[in-house]
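J.: Reassemble the complex: the two chains are provided individually, in unrelated frames, and hints are given to aid placement.
In order, the protein sequence lines correspond to chains L and Z. Per our numbering, residue 1 is the first one in the first sequence, and the count goes up by one each step. Per our numbering, residue 1001 is the first one in the second sequence, and the count goes up by one each step.
Quick caveat, the hints were computed from the structure, so don't treat them as lab data. Be a bit skeptical, because a hint or two may be false.
Per label pair, the in silico range of CB-to-CB distance [stated by the list, open to error]:
(1) Z:Lys-1226 with L:Gly-258: 50 to 58 Å
(2) L:Lys-272 with Z:Glu-1038: 19 to 27 Å
(3) L:Thr-214 with Z:Arg-1016: 44 to 52 Å
(4) L:Phe-150 with Z:Thr-1085: 39 to 47 Å
(5) L:Gly-129 with Z:Ile-1029: 44 to 52 Å
Per the computed footprint, the stretches of chain Z lying under chain L, defined by three or more beta-carbons under 8 Å from a beta-carbon of chain L, are [stated by the list, open to error]:
(6) 1068-1078
(7) 1097-1111
(8) 1117-1130
Computed list of lysine-lysine pairs in DSSO-like fashion (alpha-carbon distance at most 27 Å, straight line) [claimed, not checked]:
(9) Z:Lys-1230 with Z:Lys-1189
(10) L:Lys-273 with Z:Lys-1222
(11) L:Lys-27 with Z:Lys-1121
(12) L:Lys-178 with Z:Lys-1026
(13) Z:Lys-1026 with L:Lys-273
(14) Z:Lys-1026 with L:Lys-269
(15) Z:Lys-1222 with L:Lys-272
Bear in mind the structure is a predicted one, so any value in this text is a computation, not a measurement. Just so it is clear, CB atoms sit at the ideal spot from N, CA and C, and this is done for glycine as well.
The lines below spell out each chain.
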Amino acid sequence: MRYVKEIIASRELLANLTMREIRGKYKRTVFGQMWSLANPLALMLIYTFVFSLIFRVKPAVGDPSGLDVFAVWLLCGLLPWTFLSTVINQGLVTLVDNANLIQKVYFTRIVLPLSVVGAVGYNWLFEMGVLVAALVVVGAFVWPWIPLMFVAMALLALFAAGLMLMLCIANVYFRDTKYLMTIVLQMWMYLTPIIYPFSLVEKQSASVGGLLGTSVTIVDVYNLNPMVHFVQVFRQILYDGRWPDGVEWLWCVGWALGTFALGVVVFRKNEKKLAEIL
Amino acid sequence: MKNIAVSVEHVSKTFRMYHERNQTIKSAIMRGRTSVHEEFQALKDVSLEVPVGSTYGLIGRNGSGKSTLLKCLANIYYPNQGRITHYGRIAAMLEIGSGFHSELSGRENIFLNGSILGMTKKQVQAKFDEIVEFSGVEQFIDQPVKNYSSGMYVRLGFSIAINVDPEILVVDEVLAVGDAEFQDKCFGKFRDLKKAGKTVILVSHSMSTVTEMCTDVAWLDKGQLKAVGKAEPTVKKYLASIPGDPE
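So that you can see chain Z by itself, here it is in the shape it has in the complex (with noise of 0.2 Å):
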């Protein structure tokens, strides 16, 4: 069994920036070019080793590639250069109720989004009850999700992506769903897999939820790595550059 969970090397990721996207044959055919744009480097050769059973952070201000470096490792995007290696099944969590039909029911709802995340049938059914009552819906489990409020929406989302089990667990600033109560079940959900020996990967704004949860945290900075490191010491400096907000 090796220790790393995730292997990141030397990735970069370049997007291109339209200044003037034509995406009719038309414009194709008379100006004989279908775009205008310019290459924007999400990420800069980045390298970075997620240790199993860890919960890893990743920090850094707007645009600073978070998301995008996510979007990588979950399979969404793919590097322009380096490699992203797995170690186990991972499952990502970017948005939640991603892929629900708002005119079936909850229950079929529930398979439905199981199965993109990648559970069987099977898993779903063991899961099934889990699933309902860690989202509080029981009630309106045979109603269409459209008829849901916001709140049910997501809790729902939220209760089926954290009962996929998987080994390595990327999430993206969702853990702001809910009520306080709710809040309160997705950390003790949390911590339950990191007891687990789970990894999880996080995006997070909020620097006492990163440093209450995250053992590992990555600083990135317009792409590139600014530090890695314990989430305390890392938080820190990453608070001392920003310059008169200490939060």
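Chain L on its own, in the form it takes in the complex (with noise of 0.2 Å):
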């Protein structure tokens, strides 16, 4: 608790340094803040073009929503997956990059990678601005889902923290963990439902059936993975226009929760050392 007060006493920190990632990074471009839009939607077309147009991938119609429309599906799931990946790859090196700081000035040292996420979390929430824009262009009645796609924000923000204060500690110790990282997101962004839908593994699955003589199906490894839960319930509130399956809030609740407490014990376990590390 004592631990929970003291953040909140810095917080002010926490939003000088979230500015400093935010007006920092994009000083000397033309096109400034327009740039944090560039990536999702060059990756938009680019997927929409080889699994819409080439590979002829399909989702279903958005349920009850109405909608079919490739890019605004896969959106729907990519911009959640972005915002991790991006919150992982600059959280990773923020303790390292800032040793400087650390090893001469003491202050709340869990502000650095929190800053990051706040910083992405400020261009995510253009990019699904956009989105939702996107949304009601085609045709879609997003409104009254407004406060829920927060919701889910808030509880991939939480996860997305925990999974980087986990990991910006292990990356202090081993600098590979950055270049690890880069390989497991590649492989973990194709495990996860993003530029296909669901349906299709839960297809898959049934043919092959029981793994190894189990009961243990294709779908039941395939759900370990969180981000499963995080993409559907996004598509769910966003795309289909419909209050989420039970079943993945829970998981995504727990998943947030349990990601973000353990990532905030490991980093308090480790950051009176780390001034000496670096």
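T.: Structure below.
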């Protein structure tokens, strides 16, 4: 509890460091903040071209929204994913990059990684804003679901923060973490139903049946990936326009709270040693 | 009100000296260990009490553990044994301008650095003019700090740090910044702090600075406390111990 108080007491520092990340990032660029939208839009064009036009991936029509636009369906899963991967990529190195600060000034260390979540989250808000606009343009009635979208965003932010807190500590001990995570994130993305629908996995799983003579199916293993549930929830809220499945919600809440708590504990255990190890 | 600002009780600090350090997973797995090291004791059972309102100097040769003790005082290192207790808000000035973002303007950096040093936005706003005036960079305050000269850079950093207005200020050999005029201003500021009853703990190699500014001095040698006491006699003892260097 005292730790929570300490974090709350440094909220201004957290805000200032977040602003430092946001303001410093696009200094001396012509397009500024617009660049944060460029990456997801480029990915959207590439994936739509490859998977919709060439591979003919056909996600189910939004139920009950009736939407049938691959690019929008893709973005509903892609934007949460890029948020997670950006948080991890940028947050991993934050302690090493700010080694000088950590060795010279005392402050609540956890604000450094958390400010990355703040800065990336700020960009994510823009992206989701564009997505909502796109949903409205293609004729979805998203307005009532926006509060729920924010809840899902907060949960994913907790999950991302918890994971990143552990990884940035790991990166202090082993600088390999950064390079390893590049590969892990690549694989992770394809193990998550972002560019293909979850139903395809279910179909394959049903045709294979139990693995190695047990009753465990591919879907059961597949479901261990927390991002499966997050992506499903985002799709159900935004694309389908409905209350997400209860089970999916529970998975998300569980993963978010569990990972965040573990991340904070791991970080706390190690933060006092940081100045020496770095 | 206690008369002690900081009490240091039996503090020891050991570092690992690495002969071989493997910060890659591969070598950790292949060799079954991450490092080969031996312990180095930087501080051995140091106990001292810093009285409120004193200007406390830490002296000693290079490698005697002064900076380690200072970092322990500033909560950057944590002692392996012993305890350090602060009575009052502490601010540390171990390096000037750490935490500046080079692309941001002087103004933005004042707010950023102020909050890193533990000030609230309101406190920074209240002190803003004073900070800018003291640093003497009024004209360039909206320029990115990367365009500052190194003198302007440290002056701005120093001005922020000195205006944090803590009860206890910890300073590491940073007084040698800026030109003669700015140094005068700094010394003046330290005198003001002293008058206001604030405690200052500093490390310096300049014995003239120490005798001029400090009321009490602790002399560290090879991590051990050699002598503690009033400034002048302790400094004399220290100087006498250095063969052929009367300064």
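J.: Look at each hint and say if it fits the structure.
T.: Structure-based check of each hint:
| no. | hint | result |
| --- | --- | --- |
| 1 | Z:Lys-1226 with L:Gly-258: 50 to 58 Å | 53 Å, holds |
| 2 | L:Lys-272 with Z:Glu-1038: 19 to 27 Å | 22 Å, holds |
| 3 | L:Thr-214 with Z:Arg-1016: 44 to 52 Å | 48 Å, holds |
| 4 | L:Phe-150 with Z:Thr-1085: 39 to 47 Å | 44 Å, holds |
| 5 | L:Gly-129 with Z:Ile-1029: 44 to 52 Å | 45 Å, holds |
| 6 | 1068-1078 | holds (count 6) |
| 7 | 1097-1111 | holds (count 7) |
| 8 | 1117-1130 | holds (count 4) |
| 9 | Z:Lys-1230 with Z:Lys-1189 | 22 Å, holds |
| 10 | L:Lys-273 with Z:Lys-1222 | 23 Å, holds |
| 11 | L:Lys-27 with Z:Lys-1121 | 23 Å, holds |
| 12 | L:Lys-178 with Z:Lys-1026 | 14 Å, holds |
| 13 | Z:Lys-1026 with L:Lys-273 | 23 Å, holds |
| 14 | Z:Lys-1026 with L:Lys-269 | 24 Å, holds |
| 15 | Z:Lys-1222 with L:Lys-272 | 24 Å, holds |
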